[in-house]
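Participant: Respectively, the protein sequence lines represent chains A and B.
Residue numbers for the first sequence, in the numbering used here: 1 to 253.
Residue numbers for the second sequence, in the numbering used here: 254 to 489.
Hint data in this document are derived by calculation from the structure and do not stem from the laboratory.
Treat each hint with caution, since some may be false.
[Unchecked claim] Partner residues aside, some chain B positions facing chain A, computed with beta carbon under 7 Å:
{"hint": "1", "residue": "329"}
{"hint": "2", "residue": "331"}
{"hint": "3", "residue": "339"}
{"hint": "4", "residue": "371"}
{"hint": "5", "residue": "375"}
{"hint": "6", "residue": "377"}
A quick note: this is a predicted structure, and the numbers were derived from the prediction, not measured.
Positions of the beta carbon are idealized from the N, C-alpha and C atoms, including for glycine.
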Amino acid sequence: MNNKYLNKFYGLLIITLLWYLLSLFLGNNLIPYPHNVWLYLLTITVNGNIVPHITYSLFRLLSAIGFALTIGVPIGLLIGSSTKTDQWFSPILYILYPIPKIAFLPVFMALFGLGDFSKITLLFSVLIFQIILATRDGVKQIPIEFHHVTQTLGLSKKDQLLKLYLPHALPNILSALRISIGISMAVLFFGENYATSYGIGYFIMNNWIMVNYKGMFAGILALSLMAAFLIYLIDVIQDKICPWLTYEKRNKI
Amino acid sequence: MINTNNLTINYGDNNGIFNINLRIEHGDIYAIVGHSGCGKTTLLHCLAGILMPDKGNVTIHDHNEQITNPGLIQQKDALFPWFNVFDNIALGLNGSKKTISNKISTILMALDLINYRNHYPAQLSGGQKQRVSIGRTLISNPDVLLMDEPTASLDAFTKEALQDLLLKLYIEKQRTTLFVTHSIEEAVFLANKILIMDKGKIVKTYDNPLEHNLNLRGSPDFYDVVKDIRLMMGGL
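Make a model of the complete structure from these sequences and hints.
Facilitator: Structure follows, in C-alpha cells:
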C-alpha cells in the first residue's frame, strides 16, 4: 500500500480518536462512540435502509455537477478568452456569486416544483459560479508564450479552445469541483429537509427528531464518506485526464 | 526575403523600435544583438506578426510568395505541458494521421528525440524541451525562421550542443533566419550578418567574415570577431 492510501487512513484514525475523546467528555448519549456508529451504519447499509437515501443524494449532487460543468465550462472559456466579454460578465458574476443561494430554495420550489429538480437547481446555483470563475481564471492564466505559439502556428479558434484553453483550465476546474463538493454537501443537507422523504439530509434530520443519535451520526458519517468518495474520485479522474500534473509535481519535489 | 519599411512601435519614454529599415535576402542568417531593452524582441515579435506596428510595414516573401506565419522559436520552450512530445510537434499540422506520424518521426530522428515521442515536457531536460520546440516550428518547413534567444535558458554545454544543431539545420536548408541573442559568441557562430541595436534603432550592421564551421569556437579568428563586436557595443 503506498503512502497516498496510508495518509487517508491516518486522517480517519485521527478523527476517530478525537471522536472518542468527545464521546468520553460529553457523554455517550449525546455523542455515541464511533464503533457503535460504524456498526449501525454497516447494519443499515446491509439491510438497505440507508441505500435509497444515499442514492437520492448522489443523484441530486451528480446531476447538479453535470449541469454546472456543461453550462459553466463553456461560459468560463468564453469569458476567459475575451477581454470584452470578461468586462461585461465578470461584474455581474461578482454580485451574484456571494448571494446565499439557500435563501432561494422557496423560489426554486415555486418555479420548479417540490421534486428533485428544485433541489438540483439549488445545488447547481451553488456550483455554477465556482466553475465559471475557475475556468475563466484558468484561461486568463495562460502564459503569453503559449498564445504566441498558437498565433504563429496559425491554430484555428476551435483548436485554440480544445488544445490550449480547455486543457490549461482543467486543473482549475477540478480544484473548484473539490472545493464545491464540501459546500454542496451542506446545501444538500438543507435542501433535503424540505418536501422529500429521501436523501441523506432527510435521514439525518429524521433521526435527530426521533432522538436516535446513533442514526443521526451514522447519517453524518455517510454524508462525510460520500463527500470523501467524490473528492477521491476527482483525484482519480485528474490522474487519468491530467497525467502531466503527476510529472510536474515530481519535478517540484 | 524580409523587408521592413520605417517600422515603428512606440511604447513612450523612448522605448520601442523606431524607423527600422531591414532587407534580409533569401538564405541569409542574421543575428540581432544589443543591450537589454534596446528593442530586439519587439522587432522580432513585429516580424513574427505578434505585434502590430504603429507605423511602417513588414513584408516577408519567399520566391515571390507572401508568408504570413514565419516559424518562431521562443526563449522559453513554450511546450504545452498536457501534450506529449509527439502531440506538441503535431500541434500545427493538418493531414492524415499517417502523414503526420511519418513527418514527426523524421524530425524526431533528426533532433535525436525518437525515444522521447511519448514523454511529457515535464519528463524532459531543458535542452530536450528546446529541441522539441525547434521540431514543432520546423515540422511545417517554414521558409523564414525567427528565433528569440533560443539558447538563453540553457546551461553552457546544452547551449553549445543546441547551437551546433541550429547551425547544421541552417547549413542543410539555407533557411532565411533572423535571431535575437544576448551572446555575441552565439551571434558570431551562427550568423553571417550581425545587427547591433541601441535605443530602438539599428546602429550598425556587421558582416561576419567567418565561414560557417562547427569547429569555429575557440579559434583565434572567432575571438577576434567577438572582440570587434564587443568593442563596438561598448561604445553604445
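Participant: Taking the hints in turn, state whether each one holds.
Facilitator: Verification of the hints:
no., hint, verdict
1, 329, "holds, 5 Å"
2, 331, "holds, 4 Å"
3, 339, "violated, 14 Å"
4, 371, "violated, 11 Å"
5, 375, "holds, 4 Å"
6, 377, "violated, 10 Å"
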